[in-house]
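4 protein chains.
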Amino acid sequence: MSETQDPIQALLINARKTQILDAATKVFAEKGFHRATVKDIARTAGIADGTIYTYFANKTAVLVGLLNRLNETEQRAMHFEQGALQDTRSFMIAYLRQRLNFIFDNAEMMRAVLPEMLVNAELREIYLQQIIEPTVALGEHYYQSMIEQGQIRNIDPPLIVRSIAGTVLGLLIFSLLGDTQISERRDELPEVLTTLIFDGIHPPE
Amino acid sequence: MSETQDPIQALLINARKTQILDAATKVFAEKGFHRATVKDIARTAGIADGTIYTYFANKTAVLVGLLNRLNETEQRAMHFEQGALQDTRSFMIAYLRQRLNFIFDNAEMMRAVLPEMLVNAELREIYLQQIIEPTVALGEHYYQSMIEQGQIRNIDPPLIVRSIAGTVLGLLIFSLLGDTQISERRDELPEVLTTLIFDGIHPPE
Amino acid sequence: MSETQDPIQALLINARKTQILDAATKVFAEKGFHRATVKDIARTAGIADGTIYTYFANKTAVLVGLLNRLNETEQRAMHFEQGALQDTRSFMIAYLRQRLNFIFDNAEMMRAVLPEMLVNAELREIYLQQIIEPTVALGEHYYQSMIEQGQIRNIDPPLIVRSIAGTVLGLLIFSLLGDTQISERRDELPEVLTTLIFDGIHPPE
Amino acid sequence: MSETQDPIQALLINARKTQILDAATKVFAEKGFHRATVKDIARTAGIADGTIYTYFANKTAVLVGLLNRLNETEQRAMHFEQGALQDTRSFMIAYLRQRLNFIFDNAEMMRAVLPEMLVNAELREIYLQQIIEPTVALGEHYYQSMIEQGQIRNIDPPLIVRSIAGTVLGLLIFSLLGDTQISERRDELPEVLTTLIFDGIHPPE
DNA sequence: GATGAATGAGGGTTCATTCAT
DNA sequence: GATGAATGAACCCTCATTCAT
Numbered sequence: 001m002s003e004t005q006d007p008i009q010a011l012l013i014n015a016r017k018t019q020i021l022d023a024a025t026k027v028f029a030e031k032g033f034h035r036a037t038v039k040d041i042a043r044t045a046g047i048a049d050g051t052i053y054t055y056f057a058n059k060t061a062v063l064v065g066l067l068n069r070l071n072e073t074e075q076r077a078m079h080f081e082q083g084a085l086q087d088t089r090s091f092m093i094a095y096l097r098q099r100l101n102f103i104f105d106n107a108e109m110m111r112a113v114l115p116e117m118l119v120n121a122e123l124r125e126i127y128l129q130q131i132i133e134p135t136v137a138l139g140e141h142y143y144q145s146m147i148e149q150g151q152i153r154n155i156d157p158p159l160i161v162r163s164i165a166g167t168v169l170g171l172l173i174f175s176l177l178g179d180t181q182i183s184e185r186r187d188e189l190p191e192v193l194t195t196l197i198f199d200g201i202h203p204p205e
Numbered sequence: 001m002s003e004t005q006d007p008i009q010a011l012l013i014n015a016r017k018t019q020i021l022d023a024a025t026k027v028f029a030e031k032g033f034h035r036a037t038v039k040d041i042a043r044t045a046g047i048a049d050g051t052i053y054t055y056f057a058n059k060t061a062v063l064v065g066l067l068n069r070l071n072e073t074e075q076r077a078m079h080f081e082q083g084a085l086q087d088t089r090s091f092m093i094a095y096l097r098q099r100l101n102f103i104f105d106n107a108e109m110m111r112a113v114l115p116e117m118l119v120n121a122e123l124r125e126i127y128l129q130q131i132i133e134p135t136v137a138l139g140e141h142y143y144q145s146m147i148e149q150g151q152i153r154n155i156d157p158p159l160i161v162r163s164i165a166g167t168v169l170g171l172l173i174f175s176l177l178g179d180t181q182i183s184e185r186r187d188e189l190p191e192v193l194t195t196l197i198f199d200g201i202h203p204p205e
Numbered sequence: 001m002s003e004t005q006d007p008i009q010a011l012l013i014n015a016r017k018t019q020i021l022d023a024a025t026k027v028f029a030e031k032g033f034h035r036a037t038v039k040d041i042a043r044t045a046g047i048a049d050g051t052i053y054t055y056f057a058n059k060t061a062v063l064v065g066l067l068n069r070l071n072e073t074e075q076r077a078m079h080f081e082q083g084a085l086q087d088t089r090s091f092m093i094a095y096l097r098q099r100l101n102f103i104f105d106n107a108e109m110m111r112a113v114l115p116e117m118l119v120n121a122e123l124r125e126i127y128l129q130q131i132i133e134p135t136v137a138l139g140e141h142y143y144q145s146m147i148e149q150g151q152i153r154n155i156d157p158p159l160i161v162r163s164i165a166g167t168v169l170g171l172l173i174f175s176l177l178g179d180t181q182i183s184e185r186r187d188e189l190p191e192v193l194t195t196l197i198f199d200g201i202h203p204p205e
Numbered sequence: 001m002s003e004t005q006d007p008i009q010a011l012l013i014n015a016r017k018t019q020i021l022d023a024a025t026k027v028f029a030e031k032g033f034h035r036a037t038v039k040d041i042a043r044t045a046g047i048a049d050g051t052i053y054t055y056f057a058n059k060t061a062v063l064v065g066l067l068n069r070l071n072e073t074e075q076r077a078m079h080f081e082q083g084a085l086q087d088t089r090s091f092m093i094a095y096l097r098q099r100l101n102f103i104f105d106n107a108e109m110m111r112a113v114l115p116e117m118l119v120n121a122e123l124r125e126i127y128l129q130q131i132i133e134p135t136v137a138l139g140e141h142y143y144q145s146m147i148e149q150g151q152i153r154n155i156d157p158p159l160i161v162r163s164i165a166g167t168v169l170g171l172l173i174f175s176l177l178g179d180t181q182i183s184e185r186r187d188e189l190p191e192v193l194t195t196l197i198f199d200g201i202h203p204p205e
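Protein chains in written order, with the UniProt record's numbering: chain L, 1 to 205; chain R, 1 to 205; chain V, 1 to 205; chain A, 1 to 205.
Because the hints were derived from the structure by calculation, they are not lab data.
No experiment lies behind these values; they were computed from the predicted model shown.
Treat the hints with care, since some could be wrong.
To be verified - Cross-link-like lysine-lysine pairs, in silico, DSBU-like; alpha carbons within 35 Å at most:
1. Lys-31(V) with Lys-59(V)
2. Lys-59(L) with Lys-31(L)
3. Lys-26(V) with Lys-59(L)
4. Lys-17(L) with Lys-31(L)
5. Lys-26(A) with Lys-39(R)
6. Lys-59(V) with Lys-17(V)
7. Lys-59(L) with Lys-59(R)
8. Lys-59(A) with Lys-39(L)
9. Lys-39(L) with Lys-26(R)
10. Lys-59(A) with Lys-26(V)
11. Lys-31(R) with Lys-59(A)
12. Lys-26(R) with Lys-59(A)
13. Lys-39(V) with Lys-17(L)
14. Lys-31(R) with Lys-59(L)
Use the sequences and the hints to build the structure in full.
Shown next, in the form of C-alpha cells:
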C-alpha cells in the first residue's frame, strides 16, 4: 500500500479492505478460521488470492482486521456515561439490550473470531487490551459511581462486573453451541437479566 | 475394532483408548486441537501414529472421545438432587464451587475443545445433546421444584438457568482470554455469585 | 520501446535504463538475483514496478543489461596492447592489479551474477561470447606476440591464458565463499602471482 | 526417522537417502537448485513429494546432503601425505590430475551446488569449514614442508596455495560457463599447470 | 510513458490417513 | 494388533508480469 495520503486512494483501499473483510466474515463464519482458505475468501470477495496480500499481511491479519472492525462498530454504540441520565434499572436494561443485540447480531462473526482467539495468543492480546479491558474498566467505573450514589449495593465490583459481562458472553456461546431458547427469546433477556441482577431469585420475605 | 464381546478384549481396548485420550488431553491442552498432530498424540501415548486409527476413526473422533469422557467425569460429580438435602443458598454455593472447579481445572482442555466445538457441527451436536441439554434440563427441574417449595422466586426458569450456566462459561472464557482477576479469585466466586443470584445488587430499602 | 530514432528519445531511454541498472546493481549485489524482486529494483530506482517492463523485457533482461554494462566498463579499462609499451613483467603486474581490482570491486555484483550465469544458458552464452571469448582471444594474441618477441616461453597459449584468467576468477570465488586471506591481501596478489607465473616455485638451481 | 540403531533400518534409510540424493544430483544439475522443485526430485526418485521430508528437513538440507556426499567422496581420494613418497613435480602432476578429475567429473554437480553456495550463507559456511579450509590447511602444510626440504622456493605459502586451488576452481567455472577447450584438453592440464607452477613462463636465460 | 493494483501460477511444506510388513 | 514409512491433497504465500487508468 502506498504511503500517499491521497484521499481517493484511501477510499479505494478502504473499499477493498471492506470487501475482503465482508467476504472473510462470511467464510470464517461458515467454515471457521482454520478450515477457511485464503482462496475461499478471495473467491467470495470476487478477487484473486494474491490480492488479499496487498491489503493484509497474512491470513491472521485478516482476522485482526475483523476484530478491529468489530471493535470500531462497538465504539459507536451507547456508552456507560449515558447511564447517569436514567435510573439505574432502566440503564441496565438498555445497556444489556444494546450489548446483547450487538453480540448476537455479530454471532457468526464471533463464532469465527473466538476460536482463533482462544488459541492464538497474539490475537487474544489484541482483544484483551482493545476490547475486554476497556469495557471492564468502564463497567467498574460506572458500577463504583452507582455505589457511591447509593443506587446499588457494594458487593465486589471487579467480580460482579466480570460476571455480568461473562453472562452475556456465556449466553452467546450457549447459543453458538446450538441452544435455541436464548436467541429465540433474545428480546426478553434484558429484562429477565436485569431482574436477576438487581433483585436476585430469593423469594420475598 | 472387532465385533467380539470378549470382556478381556474389551478391557484391553478400553485401556488403549484411555491411554490415547490421556495423551490427547495433554497435547490438545498444550497446542489446541488444530496445532496438535496425530503424531504428537501418538508419541505422547508412546504408540505409533497408525495405532490411533485402530481405536478412533479419525482425529476428530479422538476429540469426541475426550468430550464423552469429560461428560462421564462430570456425571460422577455432585448432582442437583443432592440439593434437596441442604438449604438452597448453601447448595448454590456448593454447586457453583464444584462447577467452577471442574471447569477451571480443565480450563486448558476447554481451550482446546471449545474452538473446535464452535466450528464443527458434529461435535457441537454431541456436546449439546450429551452435556448442555441434560444439564440445563436438570437445572430447570431443580429450579422448578425450588419454586414450588417457595424457596425462590418464579422468574423465568429456562432463561435464568441458562444465564447462570452461561455466567460460569463466560467467566471461563474471560479467563481463557487473559483476564487474571477471575482465576486469581476463583475461591471467592461461588459466594459472590450466589449473593448476586439470590439477592441482586439493588440497595436495601 | 518505440522504433523512433529520435536522439532525444534515445537519451531519455538510456537515462532510464541507467537508472534501472544502477538500482539493479545495488539490489542484486545485496540480495542476489533470485531473492531480489522486481519491486525491490523499482523502489530503489524510484519508479514503479511496471515501468521496468517498458525498458526491459523481463527480470533476466535486466541482468543481461547489467552484464553488458559490466562488459563495457571493462572495455574502457587498460588493454593488452598497452602492454607493448612496458616490460612484460611490469605489464603482468599492472594487468593483474587492474583485473583483480575490477573483479574484487564488483565482487558482490559477481556474487549475484555468477549463480544465475551458471544456471541460465542464455545468460551464459552472452557472457561467454561478449566477455570471456574476446578476453581470452586478446590474451592469446598478446601471449603469442610475447612469445614471438622471446619475452616468454612457448608453453601452451590457450591453456596458460585460460589458467591465468581462471586463477583470478577462482580467487574471487574463494573470497566469495568466505576465505578472508585473499581479499585482505589483495594488494600483494599481483606481485605474488606474477612471480608465480613468471618464475614458478622451483628452487633456484 | 527413528532413533533406533537397528542396522537394517539404517540400511534402508541410507538407501532412501541415496535414492533421493541421486535424483537431486540429476535434477539440480539439469535445472539448478532454484528452478528444481521438490516435486521434480521426488518424481525423479520415484517417490512422493512428502517422502523427501522424512529424510531431509527441507530442500536446502538435500543440497547439504549432496555437499556432504561430495565431501566424503573426496576424502577417499589421494592425500597430500602421499606426496612425500614421490618427487615434488610428479606429485604435483598426480595431485592436480586427481583434483581436476574429481572436480570435472562432478562438474554438473558443482553447477548445482556453487550458485546456491554463493548466495546461501549457511551452505557457504559448511563448504568453507568442511572442504575449503581443511584442503587449504593441508596444502599449506605440505607446501611448508617442501620449502623446508628445499624442494621449492619460499614465496608466500598462503597466497600460492590459494592461487593453485583457485586456478583449479576457476578452470572449472570457465568450463561451466561454456569454454570448451578446458574440458576437451583436461588430460593435458596437469602437466601444463605443473610446468607453469614450477617453472613459470619466463624464457630461459 | 508511468503507475501500481491485480493477477494467478507455482513452490515448499505439513500432516491426516493408509497399508505392507 | 502394531508399526511408521509413504502418500499426496491442500495450504499459505510470493512475485514476475499484465493492463486499465
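Status of the hints after comparison with the structure:
1. Taking the CA atoms of Lys-31(V) and Lys-59(V), the gap is near 14 Å; set against the 35 Å cutoff, the hint holds.
2. Between Lys-59(L) and Lys-31(L), the direct Cα distance comes to roughly 14 Å. Compliance with the 35 Å bound is thereby established for this hinted pair.
3. For the given pair, Lys-26(V) sits about 32 Å from Lys-59(L) by alpha-carbon distance, which is consistent with the 35 Å threshold.
4. The hinted pair formed by Lys-17(L) and Lys-31(L) meets the criterion: a straight-line CA distance of about 20 Å does not exceed 35 Å.
5. Restraint check for Lys-26(A) and Lys-39(R): the C-alpha separation of about 33 Å stays at or below 35 Å, so the hint holds.
6. For the hint pairing Lys-59(V) with Lys-17(V), the CA-to-CA distance comes to about 13 Å; that is within 35 Å, so the pair holds.
7. Pair hint Lys-59(L) plus Lys-59(R) holds up; C-alpha atoms about 24 Å apart against a cutoff of 35 Å.
8. Among the hinted pairs, Lys-59(A) with Lys-39(L) is consistent with the structure: their alpha-carbon atoms are about 26 Å apart, no more than 35 Å.
9. A hinted pair counts as satisfied when its Cα atoms are at most 35 Å apart, and Lys-39(L) with Lys-26(R) qualifies at roughly 33 Å.
10. At roughly 28 Å between alpha-carbon atoms, Lys-59(A) and Lys-26(V) fall within 35 Å of each other, so this suggested pair holds.
11. For the hint pairing Lys-31(R) with Lys-59(A), the CA-to-CA distance comes to about 27 Å; that is within 35 Å, so the pair holds.
12. Between Lys-26(R) and Lys-59(A) the alpha-carbon distance is near 33 Å, which keeps this suggested pair within the 35 Å criterion.
13. Straight-line distance between C-alpha atoms of Lys-39(V) and Lys-17(L) comes to about 22 Å, which keeps the hinted pair within the 35 Å bound.
14. A C-alpha spacing of about 19 Å is found between Lys-31(R) and Lys-59(L), which places the hinted pair at or below 35 Å, so the restraint holds.
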